[in-house]
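Q: Below are the chains, spelled out letter by letter.
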Amino acid sequence: MTTVALDHGVKLRRRRRTRAQVVKYLALAFVALVVLLPVYVLLVASFKSGTEADPSRAWALPEVWSLDAWREAWNGEQYGLFPYLKNSLKLVIPATLLSTMLGSLNGFVLSRWRFPGADLVFLFLLFGMFIPYQAVMIPLTQIFLEVDFPEGLPRLVFAHIVYGIPITTLIFRSYYATIPEDLIEAARMDRAGMLRTYWSVVLPVSAPAFVVTAIWQFTSIWNDFLFAVFIVDDPAQWPVTVALNNTTGSFVTPYNVQMAAALLASLPTLIVYILLGRYFMRGLMAGALKG
Amino acid sequence: MADIRLDRLAKRFPNGFVAVKDLSLEIAEAELLVLVGPSGCGKTTALRMIAGLEDISSGDLYIGGRRVNDVLERDRDIAMVFQNYALYPHMTVAQNIAFSLKLSKRPKHEIRERVQETARLLGLDELLDRRPKQLSGGQKQRVAMGRAIIRQPQVFLMDEPLSNLDAQLRVHMRGEIEALQKRLGVTTVYVTHDQVEAMTMGDRVAVLRSGELQQVDTPSNVYDRPTNLFVAGFIGSPPMNLARATIEAENGGLVVRLGSSTIPVPAELVRDRGLDAWIGRESIVGIRPEDIEGLPEDGRPKDGAPLEATIDRVEALGSDLLAFFTIDAPPATSAAIAEATGGGLEEVALITREGTPFCATFEPRAGIRMGDRVEVTVDVRRLHFFDPETEQAIGT
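Residue numbers (this note's numbering), protein chains in the order written: chain X, 13 to 303; chain F, 21 to 416.
What the hints contain is simulated information worked out from the structure, not anything from laboratory work.
This structure is a prediction, so every number in the text was calculated from the model and none was measured.
We put the CB at the ideal spot given by N, CA and C, even for glycine.
It is possible that some hints are incorrect.
Unchecked claim - Just some of the chain F residues that point at chain X, by a computed CB distance under 7 Å:
{"id": "1", "residue": "Leu-73"}
{"id": "2", "residue": "Asp-75"}
{"id": "3", "residue": "Arg-94"}
{"id": "4", "residue": "Met-100"}
{"id": "5", "residue": "Phe-102"}
{"id": "6", "residue": "Ala-106"}
{"id": "7", "residue": "Tyr-108"}
{"id": "8", "residue": "Leu-123"}
Said to hold, decoys possible - From the derived model, a few chain F residues whose C-beta atoms are all more than 10 Å from chain X:
{"id": "9", "residue": "Val-38"}
{"id": "10", "residue": "Arg-167"}
{"id": "11", "residue": "Arg-171"}
{"id": "12", "residue": "Pro-284"}
{"id": "13", "residue": "Glu-288"}
{"id": "14", "residue": "Arg-393"}
{"id": "15", "residue": "Pro-408"}
Claimed, not checked - What follows is a list of derived Cβ distance ranges for each label pair:
{"id": "16", "chain 1": "F", "residue 1": "Glu-374", "chain 2": "X", "residue 2": "Arg-126", "range": "34 to 44 Å"}
{"id": "17", "chain 1": "X", "residue 1": "Arg-126", "chain 2": "F", "residue 2": "Leu-189", "range": "35 to 45 Å"}
{"id": "18", "chain 1": "X", "residue 1": "Tyr-37", "chain 2": "F", "residue 2": "Val-191", "range": "52 to 62 Å"}
{"id": "19", "chain 1": "F", "residue 1": "Gln-188", "chain 2": "X", "residue 2": "Arg-208", "range": "31 to 41 Å"}
{"id": "20", "chain 1": "X", "residue 1": "Arg-208", "chain 2": "F", "residue 2": "Gln-136", "range": "20 to 30 Å"}
{"id": "21", "chain 1": "X", "residue 1": "Leu-109", "chain 2": "F", "residue 2": "Arg-140", "range": "54 to 64 Å"}
{"id": "22", "chain 1": "X", "residue 1": "Ala-41", "chain 2": "F", "residue 2": "Leu-189", "range": "52 to 62 Å"}
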């Protein structure tokens, strides 16, 4: 009797669980659909020919699949993004690396090698996150002019490094707060100074924070449009976002090329997620403490 | 090697909390001093001040005769073993052990030799290429020791190094650490809340309560002559039985009226503790569990006094038999006792009956069972007396 009742109860619970799961997955599928629909339009349009790519037939699959739009978007005479993609890489790689490195150092000092007033300094750093790009456009340009900062991409790199410091510092500070204090103190007892502790003990266990921060910085710098458009005057140095904006023709809009270009411009961030996402190393700290 | 001297060392935290109050201690060269006390008594803070990980609020700290208050931790020539071992997770055992030598830029071959030597000493030879997460608790503990030993420092500081090990390993490592310390002859301060570690390992034991030093002496002296109720309750497991009793004159000698029982006090003890001054007054009497025995079949032993008891509970530990019973004397309640014992025995009293819960350790084959009405004998030579007001031991 009791086993039967028990079985029944388990089954009931299981059925209830499956039903809840179905509802959950339906809801998730719906949200995914909403997000992916525009991507679908983007994708099919990019494979259409020039005449076929028209907003009125946006939902239809291409009658003739064509790579022309992709070719044009890659290195076409009028719209080719290749040089701008190169510019973007020249911008995003140093800016990401440097702002992540600075964030790591800041985060370490502010969480684990604290000095008097560290909290205040951190607070001021955080303010930086809430200053919109628009607010600093004019003063930033002025400063660049006054110090005679090298024009073009170097300015943009610098601006993104500085603007990235608050968020990178925040991420690293939170991460370093999870490193056991004992570990830092053990290094101190082993006679390591601040930099040696950072280099030999903290940095080697920082990979997860580096990955998170790098993804974040890469994405936001790659996708930035506003800084790029007002800091870089020389069209030859434009990053891809600015160039992409200019694929909109004055008289005709080649939708197929534009869609292909948009996809092309967003590929690198996608690749970064796929490549670095795997290195979200969990449990790197395992074994440091009792176990 | 060096001696350590703490002169009225104090730690006040910014929030006003005083963790260590005017702690004065002298630790001789090559001595192993155990700092013991319940959690929150300030023992770890005291250790961290010696290490240089915590600023000293007031007082002076001398290592090897040098005042080191303002000397950085790295220049104090001290090695520390942490409770959680704090091994560097990304380094191998060999790298963990060698780290400090690498930092002091020793030549490579010297580092290699010393790592080998240290590993041999600790039985880590086979594990040198492993990473911490591949080690068992005991092995990690050894690596942490190795990291301290290889430095050949003036002083070892150990912060509850065995508290994360299981019981058997703890007993084993206790012996190993003690033997190692004797062999290396390095002055050592060892912090623990485990009074068994304190009793077995220390050359001397310093008992702390709320940041204040209660007693510092050899383990046997601390055990046999605790200076106050706190030490009496803290050192010893099961703890000392404590109850209120009146001292009275009878038949030309002194007796203790413990509830309805009368225990004669040997003249020697009366003299030694100056108990004459306490005639007619209430004091707190302490009896260690092992000083209570079952009556031998041929009558009472020479220095024993009988005590009637109904056994409430029995715990057979294999080597010993713990018998819990209640005597009809009022309990000695005090904050110090509660803090020292964690309030353990008082709860038993609540669920049994009025009176004071007592515990006695009997022979494992004494054959005593719950509910038995027995006569037990108190070893009167080993009675302890405390002033209920000051909580200090009488006559010390």
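Q: Each hint should be assessed against the structure and marked as holding or not.
A: Status of the hints after comparison with the structure:
At about 5 Å, the closest approach between the beta carbon of F/Leu-73 and any beta carbon in chain X falls short of 7 Å, and the interface hint on this residue holds. With a cut of 7 Å, the hint placing F/Asp-75 at the interface with chain X is violated, because the nearest CB-to-CB distance is about 12 Å. Interface restraint check: F/Arg-94 against chain X, minimum CB-CB distance 4 Å, threshold 7 Å, status holds. Interface hint at F/Met-100: satisfied, since its Cβ lies 5 Å from the closest Cβ of chain X, which is below the 7 Å cut-off.
Hint status for F/Phe-102 relative to chain X: holds, with the closest Cβ pair at about 5 Å, below 7 Å. Contact between F/Ala-106 and chain X, as hinted, is supported at the beta carbon level, the nearest pair being about 4 Å apart and thus within 7 Å. Residue-level restraint check for F/Tyr-108 holds (minimum Cβ-Cβ distance to chain X is 6 Å; threshold 7 Å). With 7 Å as the threshold, the beta carbon of F/Leu-123 comes within range of chain X, its nearest partner Cβ sitting at about 5 Å, so the hint holds.
No beta-carbon of chain X is positioned within 10 Å of the beta-carbon of F/Val-38; the least distance is around 22 Å. With a least CB separation of 7 Å from chain X, F/Arg-167 falls inside the 10 Å interface cut-off, contrary to its annotation. For F/Arg-171, the requirement that its beta carbon stay farther than 10 Å from each beta carbon of chain X is not met, with the minimum near 8 Å. In this structure F/Pro-284 is separated from chain X by more than 10 Å, as the shortest Cβ-Cβ distance comes to about 52 Å.
The Cβ of F/Glu-288 sits about 50 Å from the closest Cβ of chain X, beyond the 10 Å cut-off, so the non-interface label holds. F/Arg-393, annotated as away from the interface, keeps every beta carbon of chain X farther than 10 Å; the closest lies near 46 Å. The claim that F/Pro-408 is not at the interface with chain X holds, since no C-beta of that chain comes within 10 Å of its own (minimum 43 Å). A beta carbon spacing of about 56 Å between F/Glu-374 and X/Arg-126 contradicts the range 34 to 44 Å that was offered as a hint.
Checked against the hint of 35 to 45 Å, the C-beta distance between X/Arg-126 and F/Leu-189 comes to roughly 36 Å, which is consistent with it. Between X/Tyr-37 and F/Val-191 the beta carbon distance is about 55 Å. The supplied range of 52 to 62 Å therefore holds. A hinted range of 31 to 41 Å for the beta carbons of F/Gln-188 and X/Arg-208 is consistent with their spacing of about 38 Å. Remark: the range hint 20 to 30 Å for X/Arg-208 to F/Gln-136 is upheld by a beta-carbon distance near 24 Å.
Roughly 44 Å separates the CB atoms of X/Leu-109 and F/Arg-140, a value that falls outside the hinted 54 to 64 Å. Restraint check, X/Ala-41 to F/Leu-189: a C-beta distance of roughly 53 Å satisfies the suggested window 52 to 62 Å.
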